[in-house]
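Peer 1: First to last, the protein sequences are chains A and B.
Residue 1 is where the first sequence starts when you use the numbering used here, and the numbers rise one by one after that.
Residue 1 is where the second sequence starts when you use the numbering used here, and the numbers rise one by one after that.
Bear in mind the hints are in silico, worked out from the structure with no lab data behind them.
Quick caveat: nothing in here was measured; it's all calculated off a predicted structure.
Virtual Cβ for every residue (Gly too), placed ideally from N, Cα, C.
Keep in mind that the hints are not guaranteed to be accurate.
Unchecked claim - Straight-line distance between alpha carbons at most 20 Å, and here's what the computed DMTMM-like set of lysine to aspartate or glutamate pairs gives:
id, chain 1, residue 1, chain 2, residue 2
1, B, 63, B, 22
2, B, 39, B, 25
3, B, 50, A, 309
4, B, 50, A, 307
5, A, 334, A, 259
6, B, 39, B, 22
7, B, 63, A, 386
8, A, 376, A, 386
9, A, 334, A, 410
Claimed, not checked - Not close to chain A: a few residues of chain B, all C-beta gaps over 12 Å, as computed:
id, residue
10, 19
11, 28
12, 29
13, 30
14, 37
15, 43
16, 58
17, 64
18, 74
19, 84
20, 165
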Amino acid sequence: MPVWDEVFDVVVMGSGAAGVSAAMAAQHRGVRTLVLERSDKLGGTSAVSGGVPWIPNNHHMHEVGTTDSREQALTYLRSLSLGKMDIELAETYVDEGPQVLRFIEDETQLKFRALKTPDYHPEHPGGTFGRSVSPGLFPGGELGELRAHLRSAPCFPLPVAMTDIDDGTNMLDPVVIGDRLAKGMVGTGMALMAGLIKGAVDKGVEFRRNARGRRLVIEDGAIVGIEVEQDGRMVRIGARRAVILASGGFEWNKDMATDLMGGPIEGPLSPPFNEGDGLIMAAEAQASMANAHEAWWMPMIRIPGDEYEGQQLNRMVVGERAAPGSIMVNRAGKRFVNEAHNYNDVGRSFRNFDPVAFDYPNLPAWIIIDATFLDKYPFGTRYPGDPVPAWLESAPTLRELAQKIGVDPDGLENTVARFNDNVARGEDPDFHRGRSVYDRHYGDPSREGALQSLGPIGQAPYYACRVYSGVLGTKGGPKINAKAEVVNVRGGRIPGLYAAGNVSGGFTGMAYPGAGATIGPGLVFGHIAGREAASSVNRF
Amino acid sequence: MPEVEHTTTVAASMPQVWNFVEDMDNWAPFLTGYQRHEKINRDESIWVVKGELGGLTRTAEFKVQVTEWQEPSRVTFVMQGVQEPVTGSGEFLATDLGGGADDASSAPAAAPASTGSWLGRLWDRLSRWLLRRVTNSVDVQAVKPAVSGGQRNTQITFRLNVQAGGATGPVLNLLLGPMLKPVAEDLAMKIARSVDSPG
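Looking at chain B on its own, in the form it has when it is part of the complex:
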């Protein structure tokens, strides 16, 4: 199952981070390809996202259901394509790092290679290849959030897995996985930037 995890550190307290992340309106537009979203209730929402693959751009609708709110440190959710045979799940984690870290950096966690050795190697090669394609050969640079002295720091982690189903699912998953990586990094970077510089 294509899965990506990204961790970054922001110069803000956990309650500050939670206040920002709790309301999806704050960060929804940061999602790559975001078109619009609709909150049905606190737990359910509909998302419309536009993505590109091989020159083809497709707009797809997803239903997202939050399965757990654990203030101020954890949110989990599941997602389902409304028209597409795509399912997924994700998690947001916040961890208090204390105050005044000298080096608050943004770094991707190691990509899981949970599906076997050959697939893991293939995954890595595809990741590098697709990342170059997506970013036009320029490495994705995660922004280091500015950290002010004495400020509490919070580590935030995004974990997302998406799986295409149906007859085309196995090959689409080959393409989907590497595409998630820059998306997750970009989202994390933008959220970190916003939390660091509220208002």
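The shape of chain A in the complex, shown without the other chains:
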């Protein structure tokens, strides 16, 4: 047996939702658990997110007037499979999800509420709403000295929760926000992670920051520990029962993204620490890889001067695509997708390939809007009434705008003319925008039907903003079974190695079933990993 600097029962690599869920489940069963976090901040990608898990058939759905069942949820998931979904894991997820959500509510101070947010393909068989749940606000002071080390969410700098949207709370009311700030409340993903971390700490889980897992220690084919880079030196930490990989995707590792992803990624929206550490370590242990070419796609914009962790901040665009009076065009000036559709599948359309031109025709892409849009709706960080920022290209005519941004002027003029004609009839026969409940959810609720998402573009000046092919995170990696055990290249399990979250091969294949379909599986398979690891054999 190797010489260890320290020994724990279970060592978890990564402090996002999957990692902390795993640690809490393991420690809950009485085994000594350590969480390693590579960066100085705890919370991982989950902390910068909206903090919403997607849990089918959860016990909060009735609060928003809907119901669900195992079969309905699986029908929905199967409809999104295209042969790429791991149905065994999907069944495990649907079966275990509600119990895991209850466990988290029982064992932490987090209390969830179902959101009215529709699934991302709500008209598919089994589609519904209320599967996405939000934790609300959390008093950050409960974390004690760890509060200063909770990862901040750069796109959600104020203490707001997704439930505020359903409640109609004015999130720009200084009295509301001031009161929350004075109470030290945190929201969105910070709330989720603060609650989980607090729950884990209360159980006795140890957290270690600036501790980067580098290599698994393998003995007789079993994982018995991990080599960790900490404070400039390598330490060897023994794991009597298991190492659980929960270290996020590989979207910030340019070489891996180039080699594994089947198309361009122009930028990630996650913290810049997801470099595939866990995937590399699993590969060294002969892990089989699953879903390696897939990611949670997200169209994004960049505002010059915005930085996060020393990198250009990439911002998601949702309402900007869904509100009336915006379209997205490629360099031919043509629309290429229902802009208001869910971000994962809109993001996928950037990677459409033209075999004759041998090119990606939808890159670069631009959002086109007019003065009326800016008068009514937020765009990026700009709100109605604010000065128009320089990062929005502008011109008095569509033709001049097209010339300015390198888009075919005839193409753009024709596209807008056709779009406006169709909008006047209240329809989008080209891409069916506004037909789905989902499209309208992020549109303008003061309008009716498809017009919640459809509006003309005709009031000069005109504006354009470059849209990039982004990812929230990759979702390919070591293949896991229903116990979250990592499977080797021969199909057997790798003793002592578990994985959950974006580091692992995502069972959803190409699909993004609903808001929180990243965090939901992370929590559930993290929990399974921790539970199974805790009850596995003690090897030394």
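Using the hints, position chain B against chain A.
Peer 2: Then chain B, alone, in the frame of chain A:
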């Protein structure tokens, strides 16, 4: 309107202080988050500053216009965000304290609570909370400038107010105000140190 005032005493005469402060090149790099500045003329300049809020770092450009030069005791200016809906104004004041003060200390002036009682209390709580966040729970310690016997002393005061406008302005102002305090203290401390120890 988020406003901060900071007063410190330096062991230098008013003309010495004025000579230093009059040329923004001398003290511009002392501003927290300073990136660069460009003097357009004696009164107008463009400043580029990087600030952090909730992990997000943003680089912003401001146009600053001096509205009054009253040598050697007063400079006033106004500022306007080039891309951001932010406006502000500020003032530098110098007062001759005479010579040989025994205790030349650096102390923040009381933060004005000019916007009403509940907001004033909220302001104080936010100030303390944000100050702890910004300084990582370590109190900002203003450096006491060294005072040599017989040296004339000058009290310098910085006053700055910044207001975010637009739809997000009211909530951003909640965050901006407390952030100004350590910035003003830091700037004052560094200027005092430089004037005390020229060259």
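Peer 1: Are the hints correct? Go through all of them and say.
Peer 2: Results of checking the hints against the structure:
1. In summary, the hint linking residue 63 of chain B to residue 22 of chain B is supported, as the alpha carbons are separated by about 18 Å, within the 20 Å threshold.
2. In summary, the hint linking residue 39 of chain B to residue 25 of chain B is supported, as the alpha carbons are separated by about 9 Å, within the 20 Å threshold.
3. Restraint check: the Cα-Cα separation between residue 50 of chain B and residue 309 of chain A comes to about 13 Å, which is no more than 20 Å; the hinted pair holds.
4. Distance restraint check for residue 50 of chain B and residue 307 of chain A: the Cα-Cα separation of roughly 10 Å lies within the 20 Å cut-off, and the hinted pair is therefore satisfied.
5. A threshold of 20 Å between alpha carbons decides the hint, and for residue 334 of chain A with residue 259 of chain A the separation of about 30 Å lies outside it, so the pair is violated.
6. Taken as a hint, the residue 39 of chain B and residue 22 of chain B pair is honoured in the structure, with Cα atoms around 13 Å apart against an allowance of 20 Å.
7. Taken as a hint, the residue 63 of chain B and residue 386 of chain A pair is honoured in the structure, with Cα atoms around 17 Å apart against an allowance of 20 Å.
8. Note on residue 376 of chain A and residue 386 of chain A: the hinted pairing holds, with a Cα-Cα distance of about 11 Å set against a maximum of 20 Å.
9. Between residue 334 of chain A and residue 410 of chain A the alpha-carbon distance is near 10 Å, which keeps this suggested pair within the 20 Å criterion.
10. With a closest Cβ-Cβ approach of about 34 Å to chain A, residue 19 of chain B is found to remain outside the 12 Å limit, as its non-interface label requires.
11. Listed as outside the interface, residue 28 of chain B is consistent with that label: its C-beta sits roughly 19 Å from the nearest C-beta of chain A, beyond the 12 Å cut-off.
12. For residue 29 of chain B, the requirement that its beta carbon stay farther than 12 Å from each beta carbon of chain A is met, with the minimum near 19 Å.
13. Taking the minimum C-beta to C-beta distance to chain A, about 22 Å, the non-interface status of residue 30 of chain B holds against the 12 Å cut.
14. At the 12 Å boundary, the C-beta of residue 37 of chain B stays outside the reach of chain A, the nearest C-beta of that chain being 16 Å off.
15. Non-interface status of residue 43 of chain B relative to chain A is upheld: no Cβ of that chain comes within 12 Å, the nearest being about 23 Å off.
16. For residue 58 of chain B, the requirement that its beta carbon stay farther than 12 Å from each beta carbon of chain A is not met, with the minimum near 5 Å.
17. The claim that residue 64 of chain B is not at the interface with chain A holds, since no C-beta of that chain comes within 12 Å of its own (minimum 17 Å).
18. For residue 74 of chain B, the non-interface assignment is confirmed: its Cβ lies about 31 Å from the closest Cβ of chain A, beyond the 12 Å cut-off.
19. In this structure residue 84 of chain B is not separated from chain A by more than 12 Å, as the shortest Cβ-Cβ distance comes to only about 8 Å.
20. Some Cβ of chain A comes within 12 Å of the Cβ of residue 165 of chain B; the nearest lies about 8 Å off, and the non-interface call is violated.
Of the numbered hints stated above, those contradicted by the structure are hints 5, 16, 19, 20, listed in ascending order.
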